[in-house]
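Single-letter residue listing:
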Amino acid sequence: MTIAQDFTLAELIIVAAAEAWRGDGELLATGIGPLPRLAAGLAKQTFAPGLQLTDGEAYLTSEPVPLGPRGDHRPKYTGWMPYSRVFDSVWSGRRHAMVTPVQMDRWGQANISALGPDFRKPKVQMLGVRGFPGNSVSHKNSMFLPSHSKRTFVEGEVDVVASVGFRKETWPANARPDFVKIGIVATDLCVFDFNGPEHGAQVRLLHPGVTFEQVQAATGFPLLRAADLAETPPPSEEQLAIIRRLDPHNVRARVIKDNPPGIRTAA
Amino acid sequence: MNKEMSLKSVAGELRDGMTIGVGGWGPRRKPMALIREILRSDLKDLTIVAYGGPEVGMLCAAGKVRKVIYGFVSLDVIPIEPYFRKVRQEGTLDVCELDEGLLVLGLRAAGQNVPFAATHVGLGSAVMTNNPEFKTVVSPYDDGQELLAMPAIKLDAALIHVSRADRSGNTLTFGPDPYFDDLFARAAAKVYVTTEELVDSIASENAEEMKSNLIEPYLVNGVVETPLGAHPTTSHYGYGWDMDHLKAYAATAGEEGGWQIYFHKHLAGDEASYIESVGGVDHVRNLPIPTF
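Protein chains in written order, with the working numbering: chain U, 1 to 267; chain W, 1001 to 1292.
FYI, nobody ran anything at the bench for these hints, they're computed from the structure. Computed from a predicted model, the values in this text were never measured in an experiment. Among these hints, one or two may not hold up.
What the hints assert, rightly or not - Facing chain U, according to a computed beta carbon distance under 7 angstroms, are these residues of chain W, among others: (1) Glu1100; (2) His1120; (3) Leu1123; (4) Ser1273.
Stated by the list, open to error - Calculated lysine to any residue pairs in the SDA-like style (CA-CA distance at most 20 angstroms, straight line): (5) Lys150(U) x Gly79(U); (6) Lys1067(W) x Asp118(U); (7) Lys1064(W) x Thr1019(W); (8) Lys1211(W) x Gly79(U); (9) Lys121(U) x Glu1090(W).
Note that CB positions come from ideal geometry on N, CA and C, so glycine has one too.
Using the sequences and the accompanying hints, generate a full structural model.
Structure below.
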């Protein structure tokens, strides 16, 4: 394995986000959006061969399907996964999705539905809750947020609870202790999880050139330092080669504003 | 039995205040010719149930809708349907926003003639607070778990677009994903199908192809031949969505009187003039089916 010298922040995040699926065994892995999808593909091609991926539409494929126009690439199909079977998979628990909420709060609750205090007349109608309520109480979910700020990681509660979090007073009677399972949250600044005391948010990895204080200043709720807090490891040349193959049109360059390099000088 | 109908005669069977389910998924396989006929009609106060695409925005823009029960309303590449967003932000629309899977469960319960489906989905989320009429039940077994009793979503009518059909109500739906058209049909008192191709009989020695027949013909009340009738949405394997058209349509939502401009440009005439107005038959037939 050769450590890469030249890589973008998006590539660093893809490698870090792929770790979400480590140890998952065999299940349906769904990365929604370019970086999560590349992360799932990278995980499958390296350390998580049991992940089942789709073509982004309705078929399981033997290998991750590259993003965008496929040219001569012909996917090889191994199964059928129309939406009805996606829901069956969701409800069975044998799925781990990585999604991009617009807001998250200290409880790990997430919102993609609408902004503003009045749901009957939202300031901004967004996507609706889509599959988030069911996903969040059925299987593990990880998140990728491209712009870590107090607007995304809010001080109070998210405007619309699309994904259920660890605010246990909202949980139903006799819920399983693991009613909600959150994997990792990868951002343009760090990787954190909700595995601190009482499901507190704790920073696990800081991207090169980013300080804990900088992350805390950009977060609306208190963060903890994980005992093993470290710098996000750089991609290897082998990982970068896989990412380039899965993203031949360089869609990843358009995900984070200005496509910054992976190693930033401290502000 | 000959179930062939015209767009006008189907629209004539619908009534103000009905709950109408629309098959398809976002900008995919929507019975748009029938939606256009409703847009030309006097129908009003409809409750629309859908994995919504342009049909929901258009019906809202035209003032036909009282309430929308939805898993989402999206044009995919245009993530939020522009007229739906507009009426939502104006606060004039009654909505039941559901988890996508809850819509499956509600339709399935209706088709199974049970009052609700028990599920974890929705618990702890805004689905409960935004739909205060939703109630929970406690498992009568030892686990004692509290579950959402997702109410059955009964439809007065379901509108569905298929690839091929015959006058007896046999249908074939091609494409990678049947979505939930079967559940919409089973939840509905009446089912009206628009089809790319109407044949005397779909009967074939190819049994494998019959896996594309999603619903029994006894569920189907009317069949309308509407070639290109899903435009501007995708109809497998005939043509892809018309994203240029959808973008132009979306842009009108930001203009003063935009809906009237769109209506007069595209909808004021019949289906033949609609297809001409969007670029003609060859243009639609050549729209590529997108990959992801």
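Outcome of the hint check:
1. Glu1100: Result: holds, 5 angstroms to nearest chain U Cβ.
2. His1120: holds (5 angstroms)
3. Leu1123: Holds - the Cβ of Leu1123(W) comes within 7 angstroms of chain U, reaching about 5 angstroms at its closest.
4. Ser1273: Constraint on Ser1273(W) not satisfied, violated at 33 angstroms.
5. Lys150(U) x Gly79(U): violated (42 angstroms)
6. Lys1067(W) x Asp118(U): Answer holds: Lys1067(W) to Asp118(U) is near 17 angstroms, not above 20 angstroms.
7. Lys1064(W) x Thr1019(W): Holds, at roughly 12 angstroms.
8. Lys1211(W) x Gly79(U): It holds: about 16 angstroms lies between the C-alpha atoms, which stays within 20 angstroms.
9. Lys121(U) x Glu1090(W): Holds, at roughly 6 angstroms.
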